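Peer 1: Chains as they are written, first to last, in the working numbering: chain B, 1 to 393; chain H, 1 to 326.
FYI, nobody ran anything at the bench for these hints, they're computed from the structure. What you are looking at is a predicted structure, and each value in this text was computed from that prediction instead of being measured. Where a beta carbon is used, it is the ideal one built from N, C-alpha and C, also for glycine. Treat each hint with caution, since some may be false.
Said to hold, decoys possible - Far from chain B, some chain H residues (derived; all Cβ distances over 10 angstroms):
| hint | residue |
| --- | --- |
| 1 | Q38 |
| 2 | A80 |
| 3 | M136 |
| 4 | L173 |
| 5 | P201 |
| 6 | V271 |
| 7 | A288 |
Said to hold, decoys possible - Per the computed footprint, the stretches of chain H lying under chain B, defined by three or more beta-carbons under 8 angstroms from a beta-carbon of chain B, are:
| hint | region |
| --- | --- |
| 8 | 121 to 134 |
| 9 | 178 to 192 |
| 10 | 202 to 209 |
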Amino acid sequence: MAKVTIPIGPQHPALKEPERFMVTVEGETIVDADVRIGHTHRGLEKLFEQRTYLQNIHITERICGICSFTHSTNFCQATEYILGAELPRRGLYLRTLMNELERLHSHLLWLGVAGHEMGFDTLLMWSWDDRERVLDLFEDLTGNRVTHAYNTIGGVRRDITDAQVQRVLHTMDILEERTKAYIQVGLNEQTILKRTQGVGILTTADAKRLCAVGPRLRASNVKYDVRKNHPYAAYGELPFDVITSDTLDVHGQLVVRALEILETVKMCRYMMQNLPPGEIRVKVPRKVPPGEAISRTEAPRGEDIHYLRSNGTDKPERLKVRAPTLANILNVAHTLKGANIADIPLIVAGIDPCMGCMDRVLILDRDKETASVMTKEQLREYSIAWYEKEAHR
Amino acid sequence: MNGLESIIYMLVFPGFLFLTSFAFACQYIDRKLYARFQKRVGPPFLQPVADFIKLLSKEDIVPKAADRTMFTAAPIVGLAAVLTAFIFIPVLALHALIPSFEGDLIMVLYLLTIPSLAIFMAGWSSGNPFGQIGGMRAVVQMLSYEIPFFLALLGPALVVGSWSLGKILDYQLGGMWLVLLAPLGLFVAIITLQGKLERLPFDIPDAETEIVGGPMAEYSGRRLALFRAMLDIEMVVGAALIVTLFLGGYDLIISFSDLPWYLPYLVNGVVFFLKVLLIVGILALIKAVVARYRIDQMVSLSYRWMIPLSVAQIIVIVALKFGGWF
């Protein structure tokens, strides 16, 4: 049978954000896959260098629309590391609570998207309906549903009342019950099993070699979670297990995410019942002394890394963001080979891609109206030339 | 049947005009039920009509790479085939009017195959890689659901000993509905009808998240409107065929001999279309509770389960027939 190259993206119903997968198929089987990233580059990292630390909190929140809080947590943490700020325990607990609520809504969102990609729209409608409860909770606690403006360097900006604690606990009860129902569906519905089992297999060795992160890594049976291995915020005090799956496939990711929702519910309950009294933030200076720091968090999609270098002013010299999708996109190109056309959306959606978080370099020439992606060597030469030109650095 | 009556039968009731409106009503019921299953509100009653008119008024584009004749012919031929198929289904008890003849069941089945071929031709001639893959999938899928569908509908014909829809219906009047003898056949027919209509879990040829609507990817405006209408009418015709063969058509078991002459016809008509709506409801329920199969899984489901089940049904019927049960 003849080989046909079909473009998946930049505009494709399976992709919620523009990214390009060139897929060569023979009949229904994929023989080659090529990923081109860079379609949603927004110049954020340059923007960080032009704004003060306080302004940057709000920009980091806008790196991603789903895991907005984990990015701002990361940035605040990196700044706090350089400042050497000691945060009050209540502030840490509230920050952790937000991170976990974000994981709840992100995983419920993924469940719906996965359902949609396999044609199970009913799952999409139901799980997104439950996700609304988490978003309502966000609105209750922070005033906003998506970008919360809740984090700040040195703690969080709003305290939580006893009534709100009760509302969180009430929502957790509902979500726990609903998630158990979804787990029943995910483990027993034949069409879901047929579409996910044995699809997108990434072996443990390949997962380590290709630097997979997050639920994709844990579905490949690697017990790694930043929250457990390198605890930040209040995670060191919380009881929870790292969920892994040995099925290595998309179904494993579904199970890992569903069980993580239950772990998160457990954590949120613990935090609400053992909320320490006291202050929620400490005052920090506006200017950050020279230094550099790396902060890591476990975003819902995987390990998120921020590297910050300060130069003694109130603006950062450099902030590098390594979003989880960038780490995971490598294994997508690998797992696509040998799969079926029908499995493309599921494999791509399996890592819960967030292209907006990931994209960094795309060269656009406005006068010539051309766009090109730079290779590593070109980038390196460009950066050397640029830094030599800029004497002040 | 004289000339005027035939024209009314074909164009007004239960032909073109009524059938189209009823197909829109079925689409509404289907969409509304699907929405309610998903905790959504669903469309208002006239939404299908509004969608149809909107599509008719939209710009109609034929891609440069497409084969213009084939691209235009595909929806028209498909629509004509399903409209013709409905004429042979006995909707009312007006036997004099129904153009029933020995073999019209095969005729209807044949006409119902044409839409699948039209979808294949549409995808193949559109010059779009998604359309071509969708077209290939449509043919592969057709080869797997047509066989069990035909075998399932062979059951009632075997019981009655006739290929005529009218005779099969006559046999069932008074309560001897063939679902009693062929429940497995009904089950297989409904599942494979879902495949024939390319609805979940068998909407593989136009899987939106995989191949962007497949054969429909390049269609827009009037041609797309005709394709949509074709699929709606095909659903009605398929459901009506199943109702006629298994659920006793317009039969309601009760006799109406005391009523004025026109009332039984009215009741019969309502009963028939309510039964069609029941089938449509079942199809909507199936659509709401499953995920999409892959094409290879669909083929294996068909050959491993649907065909053996329909063959088992036929064996049972033949055994009963030789045993002298009916």
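Peer 1: Taking each numbered hint in turn, which are not upheld by the structure, reported in ascending numerical order?
Peer 2: When the structure is compared with the hints, numbers 1, 3, 5, 7 and 9 turn out to be violated.
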